[in-house]
Amino acid sequence: MNADMAGLWPYLLLVLVGFLPNEAWRALGLVMARGLNEDSELVVWSRAVATAILAGVIAKLILLPPGALAGMPLALRVTAAACGFAAFLLVRRSLFVGVAVGEAVLLAGGFLLGR
Amino acid sequence: MAAPHKFESAGAALLGGLKAALTSVFFFVIGGTYVGIGALAHDFGFSSWWLALSTVLVWAGPAQVILISALGSGSPLAETALAVSLTGVRLLPMVVALLPLLRAESTRLRNLLLPTHLTSVSMWVESLRLLPGIAREHRIAFCNGVALGLVGVAVVFGFAGFYLAAGLPPLFAGGLLFLTPVSFLLSTARNARALVDKLALLLGLALAPLLAMQHVQLDLMWSGVIGGTLAYGIHRLREAAL
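The listed protein sequences derive, respectively, from chains A and B. Reading the first sequence from the start, the letters are residues 1 to 115 in this note's numbering. Reading the second sequence from the start, the letters are residues 1 to 242 in this note's numbering.
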């Protein structure tokens, strides 16, 4: 363990470098949302931007993944996600079925490829 | 559409939200994600209590992953704060889209502080799905219940991952990391009922990897602003044409 990581110092860093830079966006959202209703154009646009950012996070986690997932081939990761999505559409838009099928394809593929 | 569900009291609505969180698919997603983050915190030499506090204060998986790996590997503090802040941009439009769903005539600013702080991808997705079916006067309590339930799951599984750390074989570690993108993909698709949301999902999926591969700075922010604005523009054009 790094000597700098002892005592109260990591907690101070948590607040200064982790909590505040993240929380500022939520506070700004709180200020901007005043007086808006859920059908207002700014809210519809904000939802579209939030959805597109989230979609971007998802795509990057599948195509350019961190750590152990990077050990699985790209084709396997994309195939597993596509199978999960197909199962989700086929079985009453069930999240559980879609996630289970996606994970099963990934793990089976990884196992067969000897990862 | 069925009449909105009314609870007997705010307490009952809070409990209803807690129950919704514990029976949601995000129970598994958050559980899996935070087992991974717990293992990461352990490997970088943080304490389990530091991890729990970071979950309560930051409450955003990607920001926590960056914070832990950057602080743990001794990156410059300003750079770490900037990276954390960039992942947090997505929280701004989420809060702006969520609060109008929560607010009633009598709502005060301080009633919105907790839901604002607890806004995260999982809470947002579940709230946008469930809140329209809840009577407006109980939405804040219900939403707090959902969020606190998910935070509780995250803290517990973070501890579990911390103490299980490094015991997982690579195949299962990969499977855990895959849980986040696949479940977020399906839950976002399930929530995208209007054309504008479906288009935003598709455009974001396509744009972010393209921009990342071109090494565009702030690729996520740009894919959100460009993809979201394009989707919104198409939606407006189509409405104008009808």
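Hint data in this document are derived by calculation from the structure and do not stem from the laboratory. Worth double-checking, as some hints may not be accurate.
[Said to hold, decoys possible] Simulated DEER-style distance windows between Cβ atoms:
| no. | chain 1 | residue 1 | chain 2 | residue 2 | range |
| --- | --- | --- | --- | --- | --- |
| 1 | A | G114 | B | L164 | 19 to 29 Å |
| 2 | A | A108 | B | A165 | 20 to 30 Å |
| 3 | B | E137 | A | A108 | 43 to 53 Å |
| 4 | B | S106 | A | L74 | 17 to 27 Å |
| 5 | A | A75 | B | G11 | 47 to 57 Å |
| 6 | B | I234 | A | W9 | 47 to 57 Å |
| 7 | A | A104 | B | Y163 | 26 to 36 Å |
| 8 | B | A78 | A | L64 | 40 to 50 Å |
| 9 | B | L242 | A | L16 | 44 to 54 Å |
| 10 | A | L74 | B | A3 | 47 to 57 Å |
| 11 | A | A104 | B | R110 | 38 to 48 Å |
Predicted model only: the values in this text are computed from it and were never measured. C-beta atoms are modelled at their ideal positions from N, C-alpha and C, and glycine is treated no differently.
Hint check:
Taking the beta carbon of each, G114 (chain A) and L164 (chain B) are about 24 Å apart, inside 19 to 29 Å as hinted. In this structure the hint that A108 (chain A) and A165 (chain B) lie 20 to 30 Å apart at CB holds, the actual value being about 26 Å. Take E137 (chain B) and A108 (chain A): their Cβ atoms lie about 48 Å apart, and the range 43 to 53 Å holds. S106 (chain B) and L74 (chain A) have their C-beta atoms about 53 Å apart, which leaves the hinted 17 to 27 Å range violated.
Between A75 (chain A) and G11 (chain B), the C-beta spacing of about 51 Å keeps the proposed range 47 to 57 Å intact. For the hinted restraint 47 to 57 Å between I234 (chain B) and W9 (chain A), the CB-CB distance of approximately 50 Å keeps it satisfied. Range check, A104 (chain A) to Y163 (chain B): about 27 Å between beta-carbon atoms, so the 26 to 36 Å window is met. Separation of A78 (chain B) from L64 (chain A) is about 25 Å and departs from the stated range, judged on CB atoms against 40 to 50 Å.
Take L242 (chain B) and L16 (chain A): their Cβ atoms lie about 51 Å apart, and the range 44 to 54 Å holds. The supplied range of 47 to 57 Å is met by L74 (chain A) and A3 (chain B), whose beta-carbon atoms lie about 48 Å from each other. Between A104 (chain A) and R110 (chain B), the C-beta spacing of about 46 Å keeps the proposed range 38 to 48 Å intact.
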